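Asker: The chain contents come next:
Protein chains: 4
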Amino acid sequence: MSGNTFGTLFTVTTFGESHGPAIGCVIDGCPPGLSLSEADIQPELDRRKPGTSRHVTQRQESDTVEILSGVFEGKTTGTPIALLIRNEDQRSKDYGNIVETFRPGHADYTYWQKYGVRDYRGGGRSSARLTAPAVGAGAIAKKWLKEQYGTEIRGYMSQLGELTIPFEDWQHVHANPFFAATDNPTVLTNLEAYMDDLRKQGDSIGARVNVVAQNVPVGWGEPIYDKLDADIAYAMMGINAVKGVEIGAGFASIAQKGSEHGDELTPEGFVGNNSGGVLGGISSGQDITVSMAIKPTSSIRTPRNSIDQQGQSSVVQTFGRHDPCVGIRATPIAEAMLALVLIDHALRHRAQCVDVQVATPKIAAKKEG
Amino acid sequence: MSGNTFGTLFTVTTFGESHGPAIGCVIDGCPPGLSLSEADIQPELDRRKPGTSRHVTQRQESDTVEILSGVFEGKTTGTPIALLIRNEDQRSKDYGNIVETFRPGHADYTYWQKYGVRDYRGGGRSSARLTAPAVGAGAIAKKWLKEQYGTEIRGYMSQLGELTIPFEDWQHVHANPFFAATDNPTVLTNLEAYMDDLRKQGDSIGARVNVVAQNVPVGWGEPIYDKLDADIAYAMMGINAVKGVEIGAGFASIAQKGSEHGDELTPEGFVGNNSGGVLGGISSGQDITVSMAIKPTSSIRTPRNSIDQQGQSSVVQTFGRHDPCVGIRATPIAEAMLALVLIDHALRHRAQCVDVQVATPKIAAKKEG
Amino acid sequence: MSGNTFGTLFTVTTFGESHGPAIGCVIDGCPPGLSLSEADIQPELDRRKPGTSRHVTQRQESDTVEILSGVFEGKTTGTPIALLIRNEDQRSKDYGNIVETFRPGHADYTYWQKYGVRDYRGGGRSSARLTAPAVGAGAIAKKWLKEQYGTEIRGYMSQLGELTIPFEDWQHVHANPFFAATDNPTVLTNLEAYMDDLRKQGDSIGARVNVVAQNVPVGWGEPIYDKLDADIAYAMMGINAVKGVEIGAGFASIAQKGSEHGDELTPEGFVGNNSGGVLGGISSGQDITVSMAIKPTSSIRTPRNSIDQQGQSSVVQTFGRHDPCVGIRATPIAEAMLALVLIDHALRHRAQCVDVQVATPKIAAKKEG
Amino acid sequence: MSGNTFGTLFTVTTFGESHGPAIGCVIDGCPPGLSLSEADIQPELDRRKPGTSRHVTQRQESDTVEILSGVFEGKTTGTPIALLIRNEDQRSKDYGNIVETFRPGHADYTYWQKYGVRDYRGGGRSSARLTAPAVGAGAIAKKWLKEQYGTEIRGYMSQLGELTIPFEDWQHVHANPFFAATDNPTVLTNLEAYMDDLRKQGDSIGARVNVVAQNVPVGWGEPIYDKLDADIAYAMMGINAVKGVEIGAGFASIAQKGSEHGDELTPEGFVGNNSGGVLGGISSGQDITVSMAIKPTSSIRTPRNSIDQQGQSSVVQTFGRHDPCVGIRATPIAEAMLALVLIDHALRHRAQCVDVQVATPKIAAKKEG
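Chains as they are written, first to last, in our numbering: chain X, 41 to 409; chain D, 41 to 409; chain H, 41 to 409; chain S, 41 to 409.
Hints are computed from structural coordinates only; laboratory data are not their basis. Do not rely on the hints blindly, as some may be mistaken.
One copy or two, either will do: identical chains are not told apart, so a pair holds if it fits within one copy or between any two.
As the list claims (entries may be wrong) - Taking lysine-lysine pairs in the DSSO-like style, the calculated list, with each CA pair at most 30 Å apart, reads:
id	residue 1	residue 2
1	K402	K297
2	K297	K115
3	K240	K186
4	K186	K297
5	K183	K297
6	K402	K240
7	K402	K115
8	K183	K240
9	K297	K240
10	K240	K115
11	K115	K186
12	K183	K115
Here the structure is a predicted model, which means the values were calculated and not measured.
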């Protein structure tokens with residue numbers, strides 16, 4: 041109820057604050073028999089962790105994960121899997137100058153009003169650091185989905201500020217610090233220069249991230265309220281700094297006609313994917329395609345007008361180690377959240393419909409990359 | 041679990057199909073003591089119902105609501121409120137020609153694959169008709185929020201296909217069939233002509249709808265996963281045909297810098313509302329602003345390629361009584377869903393934080409309309 | 041949250057008051073493809089309904105059920121099944137004398153304090169009449185469990201006041217008005233005489249009811265908190281007037297030694313059933329055996345001391361049509377609740393463990409009737 | 041869904057196995073502003089921990105708790121509180137002899153069948169050790185209830201095998217190893233002798249434990265399904281080895297007449313407490329009284345017939361360090377579970393009914409000890 045658990049059948053309950061002793065989560069509902077160790081989880085955490093390039097926060101955190109339960113002799117037992125990540129770099133003195141004021145665009149004002157408590161240490165629980173446990177849980181979900189259905193979940197950054205980044209090939213995503221699906225040197229150099237310039241200004245910038253799930257079976261998602269796309273929107277909008285979510289054609293649908301938008305069916309598969317792989321809230325077997333807008337970081341060096349806890353005018357500057365573009369590290373987070381939505385619906389579908397047999401084979405699922 | 045209940049503390053469990061005997065819902069968690077009768081609910085249903093202009097479906101449904109429980113001597117008792125709406129116009133023969141084929145862009149393919157059942161009668165449970173019970177529940181939520189906090193929830197259509205519709209004043213929304221916030225005759229004439237032309241073509245079109253909640257107290261929303269904006273995205277993306285959701289600056293955030301996006305605070309209130317009234321998932325006291333993209337109706341007269349239940353090529357045309365632009369009737373639905381999200385978070389906030397007192401008065405909430 | 045929904049994956053959300061327009065429920069999560077009509081449900085409602093003998097309340101209610109949704113062409117569709125039962129005999133003037141006072145042992149005092157509302161019409165929502173929708177839902181659960189697993193759920197009254205009633209054979213349960221599993225004329229005559237005497241006194245009496253589920257597969261139930269026996273205890277204690285619940289040996293376990301209590305295993309099955317079919321919260325494949333204590337009705341003609349709404353001393357007598365032993369009609373209710381617990385756990389087990397294969401065959405399940 | 045989370049608004053999600061690296065829980069929904077440190081929790085864990093007398097298991101565990109999150113500057117923040125307890129004494133070789141067989145009356149058979157996994161290390165997740173995290177969470181619930189409402193929750197053992205233990209005074213409970221509410225030397229000597237004899241036999245015995253909550257406000261509990269007594273029954277039956285639960289008069293209600301059972305009301309309070317403090321599922325303001333039956337431990341040295349994983353006959357003896365009467369350590373566990381039920385309903389009541397004002401003062405709550 042208090043908003044720290046994700047999912048219905050495959051649940052992730054997180055805990056921790058940016059500068060407390062530890063962060064982590066309890067994963068409940070993972071099917072038994074999945075082979076699992078820390079080595080399956082750590083690589084995803086490493087993709088998200090700070091300090092991997094000069095374009096992200098320089099906070100030093102190894103984000104080393106420990107599995108505390110739920111795995112026996114290398115396999116999941118069906119009981120809760122607890123993940124623990126100790127916080128290491130807790131230089132909370134960096135935050136001294138914002139203890140009494142509120143950053144424009146930051147949660148510190150609303151948390152204080154809600155709870156009557158001001159945890160000024162690095163944003164406390166509102167820190168994007170709290171996405172790490174979900175990334176850990178997502179690694180487990182990804183592995184299970186891959187083994188059971190061949191499902192592949194991948195993301196990339198498609199826009200940084202005004203710079204759009206063309207999609208060329210998935211293999212490039214891991215080869216640059218921007219999660220860009222390109223190896224075009226001009227594009228990458230522009231991105232580097234853009235970020236370097238931004239850091240000098242002491243400012244931050246927004247971004248667009250896309251995620252795609254391939255090989256998702258037809259039939260996942262619930263009607264009316266827990267539609268697959270509704271749950272995806274919930275998951276993505278819940279990622280820190282996300283301000284907009286699209287499925288398939290998204291906002292382009294506004295100007296489309298029905299004769300253009302509705303993807304025709306042929307015996308060989310769907311023609312086009314305006315639906316983004318979801319029809320009536322239920323997966324169609326096509327690729328699930330999601331796009332999201334990520335706002336610029338609110339913690340910047342540029343001076344801004346604000347108020348203090350007494351309600352008086354104040355000027356605030358943030359000198360801590362912050363990402364100038366939180367969108368850069370958002371790609372593995374978005375992938376994890378999509379994996380968590382999908383595994384949850386996979387289990388929900390099994391509960392109610394495991395016996396369902398339709399009369400004819402499913403149509404072929406065309407891939408559109 | 042099976043996706044027919046909305047909410048956590050103020051829950052709405054819906055039932056019914058487009059052409060079954062009845063539709064309705066059970067509302068649980070409504071505080072006791074609210075004065076309530078059918079007269080509070082029917083006007084909202086009337087705003088959504090079919091047949092109110094030539095631009096929407098001509099199906100004849102009075103959508104008369106009956107309260108079956110939960111109200112005694114004119115006041116809510118704290119026990120479940122059941123709403124019943126009998127279906128009246130069940131001309132399911134209209135659907136005869138699509139019994140064996142699947143409409144491109146429609147849920148009939150995915151429902152069939154999921155459940156192994158083909159309820160061909162007007163889309164069965166996937167019909168947008170199933171938004172009516174939520175609109176009824178939303179009327180109750182609206183009334184309670186208004187009485188308790190003065191909260192005002194209103195929506196309007198801001199774009200129809202390529203035609204953008206300027207916002208002028210809330211009072212105009214009820215005075216035209218498009219939920220347009222304008223009385224500009226040129227704009228309204230263009231909308232009429234656009235729709236008339238579309239009907240002649242046998243095609244459909246997308247739309248954009250905005251909803252705004254004013255006088256929302258600071259502090260509603262949960263951290264990490266049940267963020268207020270995440271729950272709003274879930275609610276809106278769950279409305280039939282919605283393909284994208286934005287909060288505040290939405291996708292425009294991508295190209296904004298932090299020094300531009302973060303709304304500064306002053307003793308008199310926030311300056312600007314890029315946040316859309318939500319910071320860190322918690323309401324800030326500013327207006328909650330939401331925008332959504334609605335795809336064109338998939339049931340159109342234009343012939344489309346498809347397959348039949350045997351997987352063979354087929355051509356499908358839909359001759360039933362369908363909305364050429366489902367976006368038109370989406371405004372009251374979006375308002376209702378926003379009301380349901382807000383009342384749920386109001387109750388959640390009371391449960392955990394009713395005793396919280398912050399040290400200083402809240403900053404003034406500027407209205408931006 | 042507000043306590044009107046039962047279950048996790050197979051949920052039953054009830055509504056209605058004793059003397060309102062109607063009662064009913066929405067059942068969500070029923071697997072698709074189950075053949076279903078009112079004829080499957082009505083017989084169970086008839087077993088519970090009032091007026092079937094002189095030993096139960098003489099209120100006249102046909103309790104005719106209407107299926108409003110979720111069934112198409114005679115089969116469940118996987119979407120919500122709404123059941124509606126109109127109230128017919130609403131002689132609420134019978135309750136006139138208790139409008140201002142509180143019955144000792146009745147919920148009218150606590151409801152008033154909780155909600156600030158006094159629905160004096162027949163107990164409002166606290167009436168045992170509200171078990172009818174659950175009995176309807178239970179009929180569906182029973183049918184599905186029987187078809188899928190051969191599960192058989194049956195109950196009987198084993199004690200009425202001081203009179204213990206020996207179990208002889210299931211076939212007798214339906215042949216007398218007491219749900220007694222005997223056709224011994226002395227026993228039945230004693231029961232009749234006991235009840236006739238009680239009615240003359242204007243008093244009421246407690247009872248014990250047992251329920252048994254046979255052919256429950258091994259493996260249902262969750263560890264730690266949603267143990268199968270914990271959920272059964274929750275379901276039974278939630279039935280109006282139940283004050284105690286036992287599984288297997290129950291309170292007799294207190295004086296047992298481990299060498300006596302633990303049911304030994306042999307290749308042919310378990311020896312004994314002190315466990316009541318549940319080990320560590322998970323079904324063992326043995327019969328699930330449950331016993332419960334039902335308190336005497338609080339609405340009696342005998343004058344009792346009480347207070348009125350102003351807190352002043354008062355004397356209360358209840359002249360409405362009440363059951364002198366609510367335990368008599370509790371048997372079909374207890375069966376229904378057990379069925380609802382079992383189907384919920386069946387689906388939960390499928391979600392997480394549908395792929396589990398143990399190395400050797402399950403041991404034979406001995407029946408102990 | 042998978043049964044490792046307790047509660048609705050104040051939730052406790054546990055993790056861990058008897059012989060894994062650690063056990064613990066995440067507590068979500070605790071109101072902010074409660075002063076809290078490990079010193080508030082450790083004493084309750086110490087009451088439950090092993091090795092405190094010769095009558096309980098000799099396993100050496102300090103059960104030292106660490107708070108990982110949710111507390112800042114000595115007060116709860118409203119965000120999740122994670123508790124961590126490292127396992128120290130993991131002599132799993134003790135269990136070597138039961139790796140391949142199943143203990144009569146133990147969960148190892150059902151876990152294996154359910155999950156297809158055999159975690160033979162001390163019962164894995166089915167171990168009573170897993171009650172420790174809930175005891176930790178219960179300590180927090182107790183503290184909050186005491187501070188907010190003066191609620192006092194206490195328990196005692198009232199029967200050990202055939203030996204009944206008279207209740208004399210709460211102060212004695214902490215002064216003997218049995219949680220007996222007496223200082224009668226004869227009674228205590230008999231208990232010592234009984235247990236010593238039992239250990240020599242290599243056998244185990246059942247027990248009865250009672251818990252009482254005083255100063256519970258009227259109005260907590262939900263109608264129909266989440267009745268306060270139903271949730272208590274669920275909580276208690278979920279404690280390892282519990283086979284029966286009673287509220288108030290419990291099974292004695294069977295032979296009571298209505299004129300005897302229903303507690304009369306006077307301006308000074310209720311007369312008697314057959315209800316056990318709950319009417320219609322809602323607290324009445326009287327003491328909540330609960331009694332439970334605890335079966336004898338299944339892990340005993342006495343040889344028993346069983347089967348092995350191949351289904352072949354086998355004889356099993358357990359030589360590990362086990363409690364000969366798990367009932368002894370059950371008292372602090374039962375108190376914790378009652379506290380968790382009550383805090384959950386306190387928050388639920390606030391959510392829906394915080395504004396309710398009844399017309400007259402509540403009647404005085406007589407204490408009955």
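Asker: Can you give the numbers of the hints that this structure goes against, from lowest to highest?
Answerer: Of the numbered hints, 2, 3, 4, 5, 6, 8, 10 do not hold.
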